[in-house]
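Enquirer: Here is what each chain is made of, one letter per residue.
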Amino acid sequence: MLIKKAADIKASEVTPKELFLKRRQFIAAAGVTAAAVASNGFGLLGDDENVAAQNPAAQKFPNLKKSPFSTDEKLNSYRDVTTYNNFYEFGTDKADPGKYAGTLKPRPWTVVVEGQCAKPGSYNIEDIMKWAPIEERIYRLRCVEAWSMVIPWNGYPMSEFLKRFEPTSKAKYVQFKTLVDTKQMPGQTEPALQWPYVEGLRMDEAMHPLTLVGLGLYGEVMPNQNGAPIRLVVPWKYGFKSIKSIVRVSFVENEPLNTWKQQQSSEYGFYANVNPQVDHPRWSQGSERRLGEFFRRKTLPFNGYGDQVASLYAGMDLRKYY
Amino acid sequence: MFKPIVWVLCLAPLVYLIYSLYQDLGVNPIETFTNTTGIWTLRLIMITLAITPLRWLTGINQLVNYRRLIGLFAFFYASIHFITYVVTTFFVGGFSNFDASGLAADLTTRPYIVAGFTAFVLMIPLAITSTAGWIRRLGGKKWNWLHRLIYITAMAAVLHYYWKVSIKLVPVNPRNYAILVAILLAFRIWRHFAKRAASEV
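Chains A and B supply the protein sequences, listed in that same order.
Heads up: the first sequence begins at 958 in my numbering, then just goes up one per residue.
Heads up: the second sequence begins at 505 in my numbering, then just goes up one per residue.
None of these hints come from the bench; they were simulated from the model.
No residue lacks a Cβ here, since even glycine has one placed at the ideal position from N, Cα and C.
Check before you lean on any hint, since a few could be wrong.
Just so you have them, the derived chain B footprint on chain A, three or more residues with Cβ under 8 angstroms [unchecked claim]:
| hint | region |
| --- | --- |
| 1 | 1241-1250 |
| 2 | 1265-1276 |
Keeping only pairs whose Cα atoms sit at most 30 angstroms apart, straight-line, the calculated DSS-like set for lysine-lysine is [as the list claims (entries may be wrong)]:
| hint | chain 1 | residue 1 | chain 2 | residue 2 |
| --- | --- | --- | --- | --- |
| 3 | A | K1277 | B | K668 |
| 4 | A | K1062 | A | K1140 |
| 5 | A | K1051 | B | K668 |
| 6 | A | K1255 | A | K1051 |
| 7 | A | K1051 | A | K1076 |
| 8 | A | K1255 | B | K507 |
| 9 | A | K1017 | A | K1129 |
| 10 | A | K1056 | B | K645 |
| 11 | B | K645 | B | K507 |
Here are a few chain B residues that face chain A, going by a calculated C-beta distance under 7 angstroms [unchecked claim]:
| hint | residue |
| --- | --- |
| 12 | F602 |
| 13 | A604 |
| 14 | S605 |
Hey, can you work out the whole structure from these sequences and the hints?
Expert: Structure below.
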């Protein structure tokens, strides 16, 4: 009879350090949540709900500057914002990014700047975060799929970011690209879209005071599933314009071909301004479901930011340039 | 004699759906409710379509005793699915404001809605004529012809799902349902020609 010797613990059985740390984080988070629930007497959570639900391990922004551009509408919860995402780099289901974006490593992170500008180069995320005071901007987000949220973003104006690179007169558009790395973004092994995800803005859109470099939300650095560590936030356009996890910024002369337009140009255009008058071929854009509400509400032109941005499109046929 | 079991099995998805939403609404409960009732409609249609081939394969003719019940449950889920869509999409801001023209536009111009609505509407005569009385009134032959509308319903329902998901993305689930419908219908075509060949010999 063969008597096998008990083997030593195999290397493959040792818990990787990240996983070990993640478990500790999870336990800590569970503890905070349980304490919050208990202190609320298991009743409905009050205003503390969002604070308790945040990631306790995430870096916080200490002194957030308030902004006159913020809406006073009711915020969607931290849970809404971080568990209902379109981020196909982690899967096409809206719950996928919240479940699987743990593989993304937002530090260290470099953004490459190139094209029609005086100061191209590679810039470190830690430096980028110090280039301007971090503000709180509470914006409506309207997805092209006809749902919407209200999100307290943290970041600073895109103009502050772009001006540093001194774009030349030939820079008519700015193009952004998301990271491509199938290890960090396992959804990229599927041909759901063509990778990398590409988006772009006309220079005047990019320099508009509403356009934000998104660095966080709810007072903490950007959660992975929301596009850590740096993303675009353009509140008057459908959500797909607000590209996530940016690694490359290019100043270009011609209109960039953005991913969704490339995917299906009859349904998605370059401008993608929120417009209740121009329907998606498969559904109406006249109304939307604000997550958390039973009835739909009317969709506003430019997502309610018409007073600030409509002039950017004066004289343009927005049925043609959708 | 297994009818109570069929009742329980057919109601279980709805009970579970309501229970899980009661436990935790999630971020978009209306979407969850609409999608789940839709997918169960499709599954129950597939099961009703599978009964005849299963009879041929297994020789268990009693299976046909459960077809009407399952078919009616498919119609039940389809009705909930349709009503949810109408109520949660076209009452804008409250029950006092119904966007009838929006509904009319959706039902007639959006391909995935047209397909889904067709599938639903064609189930109505089948549900109405599902009683013994109607079978008698129509006669077996006519009744059988009428109830072949379920083939169109099945194809339209899959198209509805396929177009809803997307045009260009590769929708795995709708594709699997399309394959299933193709197999279930191919079975009938094959049987039709096999029977004819046998009668000619």
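Enquirer: Now, for every hint given, state plainly whether the structure supports it.
Expert: Consistency of the hints with the structure:
| no. | hint | result |
| --- | --- | --- |
| 1 | 1241-1250 | holds (count 5) |
| 2 | 1265-1276 | violated (count 0) |
| 3 | A:K1277 x B:K668 | holds (24 angstroms) |
| 4 | A:K1062 x A:K1140 | holds (10 angstroms) |
| 5 | A:K1051 x B:K668 | holds (15 angstroms) |
| 6 | A:K1255 x A:K1051 | holds (23 angstroms) |
| 7 | A:K1051 x A:K1076 | violated (38 angstroms) |
| 8 | A:K1255 x B:K507 | violated (46 angstroms) |
| 9 | A:K1017 x A:K1129 | violated (36 angstroms) |
| 10 | A:K1056 x B:K645 | violated (54 angstroms) |
| 11 | B:K645 x B:K507 | holds (26 angstroms) |
| 12 | F602 | violated (11 angstroms) |
| 13 | A604 | violated (13 angstroms) |
| 14 | S605 | violated (10 angstroms) |
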